[in-house]
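S.K.: Residue numbers (this note's numbering), protein chains in the order written: chain Z, 1 to 330; chain E, 1 to 305; chain V, 1 to 593.
In case anyone wonders, no lab produced these hints; they're calculated from the structure. Backbone N, C-alpha and C define an ideal beta-carbon position, used for all residues, glycine too. Please note that the accuracy of each hint is not assured.
[Said to hold, decoys possible] Chain V regions said to be covered by chain Z (calculated; three or more residues, Cβ under 8 Å):
(1) 216-223
(2) 255-265
[What the hints assert, rightly or not] Think about it this way: if two alpha-carbon atoms lie no more than 27 Å apart in a straight line, the pair counts; the simulated DSS-like pairs of lysine-lysine are:
(3) V:443 x E:39
(4) V:276 x V:591
(5) E:39 x V:460
(6) V:426 x V:456
(7) V:417 x V:428
(8) V:116 x V:402
(9) V:426 x V:403
(10) V:337 x V:116
(11) E:39 x V:456
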Amino acid sequence: MTGYVVRRALQAVAVLLAITATAFGLFFAAPSDPALIACGPKCDTGQVEAVRHSMGLDRPVAAQFGDYLGGLVAGRTITDVDGSPIDCPAPCLGYSYALHQPVLDAIADRFPATLSLAAGALVVIVVLGVGVGFTAALRRGTRTDRLLSGFTLVGASVQIYFLGYALQYLLVYATGALPVPGYTPFGSSPGAWAAGLALPWLVLGFVNAAVFARLSRVQMLESMHEGYVRTARARGLSTLRAHLKYTARGAGAPLVQLLGLEAGALFGGAFITETVFGIDGIGKLAVDSVVQNDLPTVVGTVLLAAFFVVVFVALADLLVARLDPRVRLV
Amino acid sequence: MSTIRALRADRTGMAALCAVLLFVVLALAAPLITALYGKNATEHYGQNAPGLLSPEGLPVLPNGGISGEFWFGLEPGLGRDVFAQLLYGMRTSLVVAVAATAVIALLGTVLGLVVGYLGGLAERAFTFVCNVLLAFPTLLLLLALSPVVKTRFVDPGENEPVWMQFTVLILVFAAFGWVPLAMVLRTTVKSLREREFIEAARASGASRWHILVRELLPNIWAPILVNVTLTLPGIVTAEAALSYLGVGIDEPVPDWGRMISRGAEVFYDDPTYMVFPGVTILVFVLAFNLLGDAVRDALDPRTAH
Amino acid sequence: MPRFSPRTAAVPALATAAALLLCSCSAGAGKGDGDGKANPTEVRSGQRLTATLGTAKDSRGPAPAVAGAQSGGTVKVANLNDYSHLDPQKIYAGEGYSTSLLWGRQLTQYQVVDGKPVLVGDLATDTGRSSDGGRTWTYTLKDGIAWEDGQPITSEHVKYGIERTFAPGFELGPSYWPEWLTGSEDRSAAVKKYAGPKGGGLDAIETPDAKTVVFHFPEPQSDVPYMAAQSSSSPVRPDKDTGTAYDTHPFATGPYRIAEHKQNQGLALERNPHWKAETDPIRHQYADRFEFTFGKKILNTAQEVLNGRGAGPDTVTTKSEVPPELYAQAERDPKKKALLVAGSRGAYTNDLYIKNSRVADPEVRKAIHYLFPREQARQVLGGPRLGEFATTLSSPAVVGWKKYDLYPVKPSGDIEKAKEHLAKAKTKVDTLTYAYEADAPEKDRLAQVLVDAFGKAGIKLVVKPLDKAAFTNEVFRGPAPYDLWMSTNSVDWPTPATLLPDGYDSRLDALSNGIRYSNPKVDKELDRIRTIGDAQQKAAALIDLEQVVMADVPVVPFLYTAVTQFRGQNIGGAAIHPIYGSVAAADLYLKKS
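Next up, chain Z with everything else stripped away, as it sits in the complex (with noise of 0.2 Å):
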């Protein structure tokens, strides 16, 4: 077991390391030149030259990404435009000319609204999904099955930006039911911090769900008719309780695969969940940043979203291994 969270622990590393390479690498063939943005459109060649040395962009790509990497685990110390020192403790993401701020500060600020998009909204894919393709399988064959299958397949053509601008339009724009959509601090307001995510939660498990639905129906269909729970039905176990100890059981490990990756999707930002209603998380700071050209928080989202999947995909396969005695670790 030690053994081999050891060894995906050092693949996670390793394929952290190759995004972070491919990201880094890719801004630097971007056509923009922070230099000379940060340096504003009134400086003369030499004004950005000077701003591109104190910056550390005029060293060689391959050096700058050892620095990067440094700085992630030692922390360092980066050169602000006029020359004056910054200290960027380690993790160090780097430091955004644009934002004025450490980019491990940026996304730590914003992070808050991105988890509880992220948390509510599996919330409702998890219970949504799997209540559906739970009853669907057990169900199978009525009307009931049909009508699920059907809401859940809607749900998985529909488009987020659509159905998000229809919704708000019907429940805050026409009716007022809900309240404008947005983040609210937990802290500041529990009652105003879901009013604002409803919304966002409901279109985002919603679209979200039918994968689990279809999944969960399927895995449950195939585990019904695995010889355990026949066995244990056969037992004197009733039908409800076989079905809950050994069915959802044995059906739950690709499930708990697909929640991983979901998850890991999530946490790293819902890009355009957070664009259609305008909350600032993760997602808006990482388009946000493309658009503006600032390179230290585009490779730091980048590297936060593949972190993310990585770990609660290796999380995931944890748990399955827990959860199924017949997976081995291998």
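Got chain Z; can you put chains E and V on it based on the hints?
M.R.: This is chains E and V only, laid out in the frame that chain Z set:
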């Protein structure tokens, strides 16, 4: 053969197939239809004729300016014909989705087949690349890539050629899209590799090429087909999402995602304009998903009791 | 597996579609332009609002009271982004100038009464006294002016603040002080003579006592009173100069001081107890606090404000305009319309710029002037609320402005006339390139409008969406292969002194004279004007020269730009500052409900 019979017996599947075919026919016949209809997708009708749009660019007539002349109304601002835009937008979506899916199927098949058969070091490298690609935030990459391509590969005195915009989109979708198919095929091929008929072929001195193409390939077309039916609507959705974020196909090529994004801007004054592209994409993707379901069930009798 | 029938599967889909169609019965804009009446409000941006110079008496505090103003409460300001700079010597934009008045004071400033601006002494007792033909300018500081810790503001602090504009890292701010005080062509030359306060004091600024500042200029300067109102003419106390940290938390001299600034999150201001109303003819201290929040989508803020939900009634924006999504609706509903705050955007104009070195034939430029589809362009950008159509290069807000229309053309353009001029051109033009910042979808649409109009005149317009961050660099520097672009621009202060000399002299570099305009006669006249020390004469000569320049059609005037912002129902005193072009924060108060 039993598969086709199963598919033909599936009424939903057949309905979805008909819908998909209808979309394809509409897209192919778009120039003909618009010629008969008498409008094209690029002319600024609302700006060239007075009385159609208000000074702020909103349609003067109610419901998005729907009239006998403009069946689905006018685009706010530029005043283009919505019906013609929708028809041509379908071509954009279909071209990108079909081409990207084809490249994905090809890439995924080749990689899955070869890696599954070879195993060993190739498989380790493959797994690593898959993990990297799966963890990479694709949307961000696409957002960042578009200005790079525009400035590096396009002459400043020229418009970015439409074929280049399409090629870039197709290639990026393909670069990230092949992973699921290749992973499934690898597993399938690994189990097939140990089966008697492959052993027999190997023992009889068949070349690797022969084994891959003649023995293995015919046995994996089912997962490939299932994957294709899943991928295609996914790419239609992703292409529209990119245009919504402002980095898809440029003006003046009609595009559904851009229509929705424009619809979002005028949503409170002219909701009609967003409904047309929104519902069209919904129905289009829904039809593909239903068809995909039907194909999967027909191919995999296990799920169809 | 049980297949659901098409009928049942279609139910949810149809239900969704039906629900959406039900909600989509929109009213339509009505016959707006068809019969030529009942037009939506065109914001008056073409009227004269020129700033006059006030007297020493005008410069005395306190500021004329805002009618009905009440004291107390917290004004909430919701802006999309945080300020990129709060360091007074780095602020260089209208809204930043306006909002920073809350905590910062300058030598002079605009007092606004009933929407009319008058330039008066702020920290100084008047707008400045010149001698020696405009080479020496003297300012005397008022009594009772103090920093937020109660220490008095002295002439040394003013001198130190202006010296900072020479230092490295301050390239972002205006470069007039370095250029004027050292008699240099540009900032780069100036900083070679003096490189900022780290290397000692600047001799050109004399401080004979704690109350007197004397500027010595190598060449006559007529516009010093206006430059003294810019944010870079704010005092800075050397012991409080925290370097880059000063850019997020400056030390206050105005009615408010910064209580807390969380980068990109929020900025809270509290009353500055050491500010005395009787010393300040410009600012008020009505509200107890100002709380700025950043990061919220404008559409969401506007919905809360216009519908009076959540914190909306107490909220105002200083940076954002009414989002296009809500504009028409706000126009229709009188309750919401009352919450719109509209006005001319200072001295800003929006024009189509032509790279004269590439489009060298004046006949071709005239053709562009005639074919330019002003009406259609304004329509895709949002309509009449963007401002009135312009016919002059400078804004009506500029001192001495005269209306002229050298080549009259109807707003929708005149393709026939354009073709006539194209036929007269020496070389045939069949392709032109148009570059624009690809940061908003309406700019893509504007490009399509232009493609359409140029196409009708037989010119293929190549459109180049450029990365916003790279735009200036790509269009101005190096080979810059673009012929046309839209530019929204303002003179640095509302006199003609900076417009032609800093943009239309052929000897300027490509950053200043971006269109590469070149006319030897204009250069010669500019040289003559440069030696005029009298502000009145100089302004008159420049206004006359403007028509000579515009006869060459170096740019095509488009709009005198206007802004439409919004305020909550409890916010009083909201008006667009006539010089800075955004809601004037220092006049705001909270109505008690």
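S.K.: Holds or violated: are the alpha carbons of residue 417 (chain V) and residue 428 (chain V) at most 27 Å from each other?
M.R.: It holds: about 16 Å lies between the C-alpha atoms, which stays within 27 Å.
S.K.: Regarding the pair residue 337 (chain V) and residue 116 (chain V), is the alpha-carbon distance no greater than 27 Å?
M.R.: Within the cut-off at roughly 23 Å; holds.
S.K.: Can you take a look at whether the region 255-265 of chain V is actually covered by chain Z? Rule is 3+ residues, C-beta closer than 8 Å.
M.R.: Holds, because 4 residues of the region 255-265 of chain V bring their Cβ atoms closer than 8 Å to Cβ atoms of chain Z.
S.K.: Residue 39 (chain E) and residue 456 (chain V): Cα distance at most 27 Å?
M.R.: Holds. Residue 39 (chain E) to residue 456 (chain V) sits at ~18 Å (cutoff 27 Å).
S.K.: Check whether the Cα positions of residue 426 (chain V) and residue 403 (chain V) lie no farther apart than 27 Å.
M.R.: 32 Å, violated
S.K.: Is the Cα-Cα distance between residue 443 (chain V) and residue 39 (chain E) 27 Å or less?
M.R.: Holds. Residue 443 (chain V) to residue 39 (chain E) sits at ~25 Å (cutoff 27 Å).
S.K.: Mind taking a look at whether chain Z covers the region 216-223 of chain V? Criterion is 3 or more residues with CB to CB distance under 8 Å.
M.R.: violated (count 0)
S.K.: Take a quick look at whether residue 276 (chain V) and residue 591 (chain V) sit within 27 Å of each other, Cα to Cα.
M.R.: Since the Cα atoms of residue 276 (chain V) and residue 591 (chain V) sit roughly 23 Å apart, the hinted pair holds (cutoff 27 Å).
S.K.: Taking only the CA atoms, is the gap from residue 116 (chain V) to residue 402 (chain V) under or equal to 27 Å?
M.R.: 18 Å, holds
S.K.: Verify the proposed pairing of residue 39 (chain E) with residue 460 (chain V), using a straight-line Cα cut of 27 Å.
M.R.: 22 Å, holds
S.K.: Are the Cα positions of residue 426 (chain V) and residue 456 (chain V) separated by 27 Å at most?
M.R.: 20 Å, holds
Checked against the numbered hints above, the structure breaks hints 1 and 9 and satisfies the rest.
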